[in-house]
Amino acid sequence: MSESFDLEVNGVAYPVSVDQSRNLLSVIREEIGLTGTKEGCDDCECGACMVLLDGQPVNSCSYLAVQAQGRSITTVEGVMQGDEMHVLQRKLLEEGGVQCGFCTPGMIMSAHALLDRTANPTPEDVRIGLSGNLCRCTGYAKILAAVEHAAAELG
Amino acid sequence: MSAGNHTVVGRRLPRVDALQQTTGQTQFADDLNPPGALVGRQLRSTHAHAAITSIDTVEAAALPGVKAVITGADLPITYGILPVSQDEHALALHRVRHVGEPVAAVAAIDAETAERALALIHVKYEPLTEVVTLDQALDPDRPLIHGEGDGQNVHRTAALEFGDVAEGFAAAGHVREDVYFFGGNTHAALETHAAVASCSPEGKVTLWSATQVPHYVHRALAKVLDIPAGRIRVIATPNGGGFGGKTDPFSHELVAAKLAMITGRPVKFNLSREDVFYAHRGRHPVLMWVKTGFESDGRITAMHFKSFLDGGAFGSYGTASLYYTGALQTSTYRIPNYCFEGMRVFTNKPACGPKRGHGTPQARFAIESQLDKAAADLGIDPVAIRVRNAVEPFSTTVNHLRITSCALNECIDAVVEQSGFHQKHGQLPEGRGVGLALGCYMSGAGLPIYFNKMPQSEVQLKVDRGGGVTVYSGATDIGQGSTSMLATVVAECLGLEPAELTMITADTDLTPVDLGSYSSRVTFMAGNAALEAATKVRTRLVEAVAAKLEAAVEDLEVANGRVGVLGDPESGVSWTEAVVLATAATGPLVESGSYTAPKLAGPYKGAGVGISPAYSYSACVVELEVDADTGMVDVDRVWIAHDIGKALNPLLCEGQVEGGVYMGLGEVLFEEQAFRDGLHRGPSLLDYKIPTSLETPTVHTTLIESDDPEGPYGAKEVGQGPLLPVIPAVANAIHDALGVHIDEVPITPDKIVAAMRDAARGGSGRVGPKGVPDFDFGELIRVEPPEGFVAP
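Here the protein sequences come in this chain order: A and X. Per this note's numbering, the very first residue in the first sequence carries number 12; after that it's consecutive. Per this note's numbering, the very first residue in the second sequence carries number 6; after that it's consecutive.
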């Protein structure tokens, strides 16, 4: 059954009319048109579809769009601060934490949530915080370093 | 080229496309949504082996919202990546050969309608006896997977002898025979395969696809659609990881194009994760037997290597994969007499193909494991036996491979010293161990996949009147950084910054041909082509500015956005002025460059596999801990040194090494494309586990620069080689930790526990295959060693 409601993504209320069975990922990508969030497995395993829901990381492939009504969603497109890159984006770019880039949006969202809840994460905190995001290219080393350095810069 | 004083080469620069990637703006294939696009879906076989007796699509086609339904009869022309293996149909025709093989396809207005339509296609199957294992493939009473009747399902055999192995074994003081098995595994790139096709009113077909090989897809489309190549455009979208998994032409690409032609609307296919496990083309399961003769000091006198590849349902790259299991033994170690016998069978499973290291990691596992055993037999340490046999720079192997730059010994020294290997090997507490292994890989296959004498890579450069430089290359960025590599080479030559260039890549209408992102060929081949094109532009600029300044050409330099007198570029003119001068003097500033590998093939059938204009070298030490009771392995640290020739961008090169180590660890410790009869055991990332940040250890990377004489600025490959030594280094470390030999990959905890129990009962403490089939590989081709070959 179809339902019409507003979905707040990156501070913008998007009116959508979708079937109740639609997952949040497909609505963000196909109805709203923000394709930065990726589908890698459709099984809650890879984290490529990670978005923030009221600041909490959520695999949007396994979350119904209707459940996100009245909540605030952040995707990778909402991470830039005006014209400025977020420190996480800048560190990933500068330190080689990106290869194919497919995991990167989800990785940024998980890292974002980690830094929001943990001001001075230990290397182990970072490993655990990103363990829900698979990367098949980098071996994680440069991603972990970038997130640690971003945390240090944020103090 | 310029010696030492590089301005771009050697700098740790971000990827040129990293800003798009980190802001979510990179357009992967599934991110493309042309207006009016239809959703494509494939119906897949539920049988491993069956005859298709009928397909009824009437009901599906009548479903409102369905725009087209096609079956194998609509695309009857066969294809395959290798000219010798044209054995695939875009949709199965008459017969299905594995579970998950596409049988029919639909295009509909949305995903839900497309999926409902699939359920309305009625396929009648007549099951045939399955052929799933190597033994079953050799059973003459089983049906043939290709062709009619019974017989052995042997796809290809190879039998080559270089030198005289009998003589070599006779001269050996010690001979070992060992058997190993390497289970198959898959690429699991995070992006699933996706493609969008459109067809213009004039009949021009455009395909956007996550492919590593747009040129080969272009050729396959022309063949299967039966239309001129000039009416087809293939654009490779940035690949969300490749690793060899997107290196064949695939059903969904051909089907998308056909459906777009039928409907006149764009059609998009985005494979599910399960679909990708069926598309596969991953690492072959290989059973191996290796007999090696040694002198008492560890020197190898002869090697006889047999491989048995389980190829799955189609040829794919299999003929090449087969030869690759035997080709690079001699480019790592000096083997004076060498015999390779190999065979590949068809089985009713998704086809295997090339995965990072293509056919060589399996053999590498066997040889490096055996070397440690031989060293123990002879009372030599694992470092010494490798150093004693290490191949030398600028030498020729017994199977006619030309070795140029080679810093293998430097790689060994680096990891042995950094890891403290000598202080640790055999001396750590029970349950803790270190292992060493080496590797070698090609910087590009020496020959193209289809025979031709044209360049293997072409690059065009256009400089507009405002000074803007556009680089056109067919090379496909699969995450390895090929676009950044091209920008680095061109920027270095022209005294610009990589970020200033406009990069147009992987578009068969716009860019000249590059054969594709496989065999670690792009830096060497596209890099050299780009360097040639840039050098021509540079020459024209310098000549024009020299005329204006009334200076000698050799006194000028191009640096920091200016063209001026050597050491004082400020003396000259700005880049843009130089461009205007050159364009006025000699016309449009457009140049091209190309690369064709030197003729390197030896005088024998199969000599085309293994030849390369240069080889990379790696050495790896792994330190790990194993729980003797549970068999759980915890890899602590990895030291790896890689002879890269020259690191054009060390930041990106390290990333390739770290990624290769990571992938190797996944393969050796838990990844396996496993089947129960013809059914995949777990076609999802829930079941097929790949390492997370928690399982990935600290990696210490050392890049060794041997400055290859033919590489662009001395560079060689880095994408594949570093994976190779990781797998046997783990196996050897596990032996060092517990004294057991696990001669089978993946080395899962159950195998370690079984080996420990066996040892406790007084057994050998070995888990692995017992033997290999008694198989006739056909007439042995005897090849004389190259002229002037000197046995070590």
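Please keep in mind that the hints were generated in silico from the structure rather than gathered at the bench. It is possible that some hints are incorrect.
Said to hold, decoys possible - Some chain A residues judged to face chain X by a derived CB distance under 10 angstroms, without partners named:
id : residue
1  : L45
2  : L99
3  : E105
4  : C148
5  : L155
The beta carbon of each residue, even a glycine, is placed where N, CA and C say it ideally should be.
Status of the hints after comparison with the structure:
Among the interface hints, the one on A:L45 holds; its C-beta lies about 8 angstroms from the nearest C-beta in chain X, closer than the 10 angstroms criterion. Given the 10 angstroms rule on beta carbons, the hint for A:L99 holds: about 8 angstroms separates it from the nearest Cβ of chain X. Using the Cβ-Cβ criterion of 10 angstroms, the hint placing A:E105 at the interface with chain X is satisfied: the shortest such distance is roughly 6 angstroms. A cut of 10 angstroms between beta carbons decides the hint on A:C148: the least distance to chain X is about 5 angstroms, and the hint holds.
Evaluation of the A:L155 hint against chain X yields a held restraint, the C-beta minimum of about 6 angstroms falling below 10 angstroms.
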